[in-house]
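Residue numbers (this note's numbering), protein chains in the order written: chain R, 1 to 189; chain F, 1 to 189.
Bear in mind the hints are in silico, worked out from the structure with no lab data behind them. Nothing false has been slipped in among the hints.
Quick list of the computed label-pair ranges, beta carbon to beta carbon:
id : chain 1 : residue 1 : chain 2 : residue 2 : range
1  : R       : Phe162    : F       : Lys64     : 29 to 35 Å
2  : F       : His71     : R       : Ser14     : 31 to 37 Å
3  : R       : Thr28     : F       : His71     : 34 to 40 Å
Cβ atoms here follow ideal geometry from the backbone N, Cα and C, with glycine treated the same way.
Now for the letters of each chain:
There are 2 protein chains.
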Amino acid sequence: MKQQLSNYLNRYVSFSEDELDLFYSYLTPKTFKKKEYLLKEGESCKDKFFIIEGLVRIFKIDAKGNEKIAHFGIENWWMTNMESFILEQPSILYIQALEFTTVLTISKSKLEIAFENIPKLERLFRVITENMFVAIERKNELYMKFSSKERYHNLVDHIPNFAQRVPQYMIASYLDITPEYLSEIRKNK
Amino acid sequence: MKQQLSNYLNRYVSFSEDELDLFYSYLTPKTFKKKEYLLKEGESCKDKFFIIEGLVRIFKIDAKGNEKIAHFGIENWWMTNMESFILEQPSILYIQALEFTTVLTISKSKLEIAFENIPKLERLFRVITENMFVAIERKNELYMKFSSKERYHNLVDHIPNFAQRVPQYMIASYLDITPEYLSEIRKNK
Numbered sequence: 001m002k003q004q005l006s007n008y009l010n011r012y013v014s015f016s017e018d019e020l021d022l023f024y025s026y027l028t029p030k031t032f033k034k035k036e037y038l039l040k041e042g043e044s045c046k047d048k049f050f051i052i053e054g055l056v057r058i059f060k061i062d063a064k065g066n067e068k069i070a071h072f073g074i075e076n077w078w079m080t081n082m083e084s085f086i087l088e089q090p091s092i093l094y095i096q097a098l099e100f101t102t103v104l105t106i107s108k109s110k111l112e113i114a115f116e117n118i119p120k121l122e123r124l125f126r127v128i129t130e131n132m133f134v135a136i137e138r139k140n141e142l143y144m145k146f147s148s149k150e151r152y153h154n155l156v157d158h159i160p161n162f163a164q165r166v167p168q169y170m171i172a173s174y175l176d177i178t179p180e181y182l183s184e185i186r187k188n189k
Numbered sequence: 001m002k003q004q005l006s007n008y009l010n011r012y013v014s015f016s017e018d019e020l021d022l023f024y025s026y027l028t029p030k031t032f033k034k035k036e037y038l039l040k041e042g043e044s045c046k047d048k049f050f051i052i053e054g055l056v057r058i059f060k061i062d063a064k065g066n067e068k069i070a071h072f073g074i075e076n077w078w079m080t081n082m083e084s085f086i087l088e089q090p091s092i093l094y095i096q097a098l099e100f101t102t103v104l105t106i107s108k109s110k111l112e113i114a115f116e117n118i119p120k121l122e123r124l125f126r127v128i129t130e131n132m133f134v135a136i137e138r139k140n141e142l143y144m145k146f147s148s149k150e151r152y153h154n155l156v157d158h159i160p161n162f163a164q165r166v167p168q169y170m171i172a173s174y175l176d177i178t179p180e181y182l183s184e185i186r187k188n189k
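Could you put together the complete structure from these sequences and hints?
Here is the structure:
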């Protein structure tokens with residue numbers, strides 16, 4: 001776990017062994033069974049989750065009771081509800097494990113201490129957040145510009161074995177299309 | 001200008017006079033006339049712009065030749081095309097002054113030097129980027145959840161004298177409604 005984290009961190013900023021040890025000491029490993037929730041609507045999101053292995057989805061339930069999936073997260077992604085985490089407000093989103101999932105969690109207060117003691121982390125999270133910002137803008141761009149079929153193939157390209165790991169109805173929910181139309185897309189690839 | 005910048009910076013992180021002087025030395029003031037472009041499609045976005053005074057819009061021209069406004073920026077906002085700036089790719093967006101606009105610009109290479117010499121800037125930009133991330137997610141949320149009327153009033157509440165400063169057709173473009181429907185919304189407030 002520690003090795004995976006340090007490989008990940010060193011992609012962005014070069015940390016010393018001491019810095020890595022210290023950061024690792026602020027993190028707590030947790031596991032979630034398939035279908036278990038990392039966060040539920042109405043709870044304040046107090047943690048960031050670094051996914052060691054597994055697959056999660058972030059979604060909300062709209063006024064009509066339908067699930068709307070915002071995105072999926074896999075190995076080496078940080079997941080959180082940024083709005084709830086930063087503003088300390090109740091979440092309108094759920095985060096749920098879709099497979100047995102192992103994460104390293106860090107609370108907001110521990111992360112603040114980590115920033116104080118390991119200033120390089122500011123750079124790491126600055127860069128990660130910039131990348132997330134670009135990703136979300138691209139997602140919106142894709143949404144406006146591309147067909148459901150193109151968006152489906154974009155997903156498949158970015159998440160290994162995606163079609164085997166995520167139930168069809170969730171993929172349809174994410175793409176905002178009917179399951180019937182999704183199965184047409186899959187047939188005509 | 002320097003005072004305005006330092007008031008802004010100190011809202012997020014407490015900088016010493018020396019740090020402020022040093023950061024200010026990396027910035028270049030520039031002015032743009034009404035309708036002048038800070039960035040055009042196809043150019044690589046090499047700068048971040050801190051708006052001292054004025055009003056700008058970020059927009060693109062879609063396949064049908066229509067302008068699609070992504071957002072507006074006013075005093076004390078950092079504007080850039082994040083994707084083009086980070087990935088050093090040609091921009092698909094335009095940034096244009098809608099009023100006489102004064103900015104402080106910093107290039108990517110100077111910003112990297114500034115990060116090296118003033119580590120607190122990492123924190124500043126980490127926090128700003130997190131806030132931007134939350135803002136864009138909220139905008140998407142608003143877009144999905146609220147009517148054009150509610151989104152119009154949200155704009156009016158956030159940008160002082162908005163309706164006087166921005167031409168009607170641009171507001172309609174931003175809200176993705178017809179100018180006729182916008183004028184109905186404005187009449188029935």
